[in-house]
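In order, the protein sequences belong to chains A and B.
For the first sequence, position 263 matches number 263 in my numbering, and the numbering has no gaps at all.
For the second sequence, position 13 matches number 1013 in my numbering, and the numbering has no gaps at all.
Some hints here could point you the wrong way.
Said to hold, decoys possible - Non-contacting residues of chain B with respect to chain A, defined by C-beta distances greater than 12 Å in every case (computed):
#, residue
1, Leu1019
2, Val1029
3, Gly1033
4, Leu1068
5, Gly1110
6, Arg1111
7, Asp1136
8, Gly1161
9, Glu1175
10, Leu1178
11, Phe1184
12, Arg1189
13, Asp1201
14, His1209
15, Gln1211
16, Ser1221
Stated by the list, open to error - Covered, in the sense of this in silico footprint (three residues per stretch, anywhere, with C-beta under 8 Å from a C-beta of chain A), are these stretches of chain B:
#, segment
17, 1003 to 1017
18, 1040 to 1053
19, 1094 to 1106
It should be emphasised that the hints constitute simulated quantities derived from the structure, not laboratory data.
Everything numeric in this text was worked out from a predicted model, so none of it was measured.
Just so you know, even glycine gets a beta-carbon here, dropped at the ideal spot from N, CA and C.
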Amino acid sequence: MNDAERPIAPLKSQLAYWVFQLTGWGAYSLSRFLGGVFLMNLPWVRFGLQLLLVDALGLGLSHLLRDYVWRYQWRALPIRKRILRIVAAAIVCGIPLGILTQFTDVALLQDPTELLEGAALRFQLAASIALQMANWSVVFLIWLTLYFTALAVREHRSAQLRQSELARALHLAELRLLKSQLNPHFLFNALNTVRSLIADNPARAQNAVTHLANTLRYTLSSRQDELVTLSQEMDIVADYLELESMRCEDRLRIEKQVPADASGVRIPVMLLQTLVENAIKHGIAELPAGGVLRISAAVKDDMLNLEVENPRPAASTHAAHESVGLRNARDRLRLLFGARASLDLDLSRPAVATARLRIPLQL
Amino acid sequence: MKAMIIDDEPPARRELRRLLDKFAWVEIVGEAGNVDQADEMIASLTPELLFLDIQMPGGTGFDLLTRLEDVPQVIFTTAYDQHAVRAFEVDALDYLLKPIDPARLTEALGRARSVNAARTPQPGAVLEQIFVRDGDRCWFVPLREVRLLTSEGNYIRLSWGKEKPLLGRALAALEQRLDPNRFFRVNRRQIINLDFIESVDLGVNGRLHAQLRDGAEVEISRRQARLFKTKMSI
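Okay, chain A solo, but in the shape it has when bound (with noise of 0.2 Å):
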């Protein structure tokens, strides 16, 4: 892997690492410099020496190896082999460290006339240095778990941070996916609709068309957070009933009642079509005999209530109502008005389904 595949280690965490180096290597010098100086009486110019020489080249390989971890990747390695490489370096780290200390530990601070000779002298030095690369191979593997730890702290970090940023572009293209959206199935049908007018009655092919354009440019400009007046939603309502009852034909009965201080409620962007929707769907539709769709509102105790009501078959279920569009509308209702608005689905009077809408007037 060359440089430039390498993945960049952001300035703010370069920094930390340098703090941290220095701050550890430093720490780790100090403390066994006063010990040294203070516990065992040793010369602090020659420890201090000694130490300086020493901790420059442990920084120095530890630098190193955080550039080899990063070249040869080894966070991407399963945790045996990351493991096995941390000890192998750990141990390869220690051997010249190990070396200069008890080399430096001899020209530096021992007296002479303390060596001893010939084979004991071999023996002690060799027992002396294997001591040493021992202890520095535990330092380098000290070092080698912090780093990982604070990589992985780090890398545990950012993908928190990458949730809470998925989370929230989810939840606005959620927002966006919850607006009724214009049902394929109804303009499909509809086009047919108008197909079939154009031989049987021109003129209402018309109008069809013209119902079906206005339907389309409500659905397709309104904005998801729009608010609207209910007269406004009540002309697009019309457009739609329109349309269905030209699909539906005497199946379809409509009684609306909206008084004229609730005309200019502002309520948001196609709710009340889709309870509408949902209620030929769900209802008028599946009966063969069809049947009367009342649309009513209401304006007490500063809120606004809205029912659709519409037969249904006797035998539907909750969950047969209970649409997609019901959902993503109460979803929508929760994050425009919070607890003050609702939307509940009455199916306890027999063969009949009643949406019942409460907005407040305020927002």
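Fit chain B to the known structure of chain A by using the hints.
Below, chain B alone, put in the same frame as chain A:
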């Protein structure tokens, strides 16, 4: 060719009727606006071809087909449910999307006509295919490809290819309509397709066992064994 239009929307029925005007050989014998009405009319009018909408009040087009004993040829007409039609495992039927493209209609009718020329169904005659819906899946099952029919209460389990769909009919009723040269009742619960017999041996209990090509083994009841031997001339 006698055809029927089944659609809940009067304008849609009128439109289709108008499109069919051009085809003098297609005679529209009736129109129905829902499944119950259609069921009755099919029984009395015996159409050879159905133009069938899917979404209708009181039941879907699929519901209608499961109710019919003799299923005529079917061309589905649908505004947007083509995925529902594609759910069919067998390419044995056609669908038209509304508004209907006259060229597509001509093609579909051409296919229906050639299929119709090949088969001359008579009421009460041997059933050749059967419409089966099991859960979300539907099939037109050619009966000659069914290896084994097993009674499960008021249902029949069909062993057909890789599928084992459940058919909502009683075995005794269906037996009347099966080809007697092909199907044989081996015991109270099972009917086998003789074309699929691999071998017949005598079991340890002294009864005959028929091994089918898919590996299934059925026991032939004592009562039916003699008849079976005659039939297979063994």
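Checked hints:
1. Leu1019: Violated: least Cβ distance 9 Å, not greater than 12 Å.
2. Val1029: Answer for B/Val1029: holds, closest chain A Cβ roughly 21 Å.
3. Gly1033: violated, 7 Å
4. Leu1068: Non-interface label stands for B/Leu1068: nearest chain A Cβ at 19 Å, farther than 12 Å.
5. Gly1110: holds, 22 Å
6. Arg1111: holds, 22 Å
7. Asp1136: holds, 16 Å
8. Gly1161: holds, 33 Å
9. Glu1175: holds, 33 Å
10. Leu1178: Non-interface label stands for B/Leu1178: nearest chain A Cβ at 34 Å, farther than 12 Å.
11. Phe1184: holds, 41 Å
12. Arg1189: Given a closest Cβ separation of 33 Å, the condition holds.
13. Asp1201: holds, 52 Å
14. His1209: holds, 46 Å
15. Gln1211: holds, 46 Å
16. Ser1221: holds, 42 Å
17. 1003 to 1017: holds (count 7)
18. 1040 to 1053: With 0 residues closer than 8 Å to chain A, the segment 1040 to 1053 of chain B misses the three-residue bar; violated.
19. 1094 to 1106: n = 4 at 8 Å, threshold three: holds.
Comparing the model with each earlier hint shows violations of hints 1, 3, 18; every other hint is respected.
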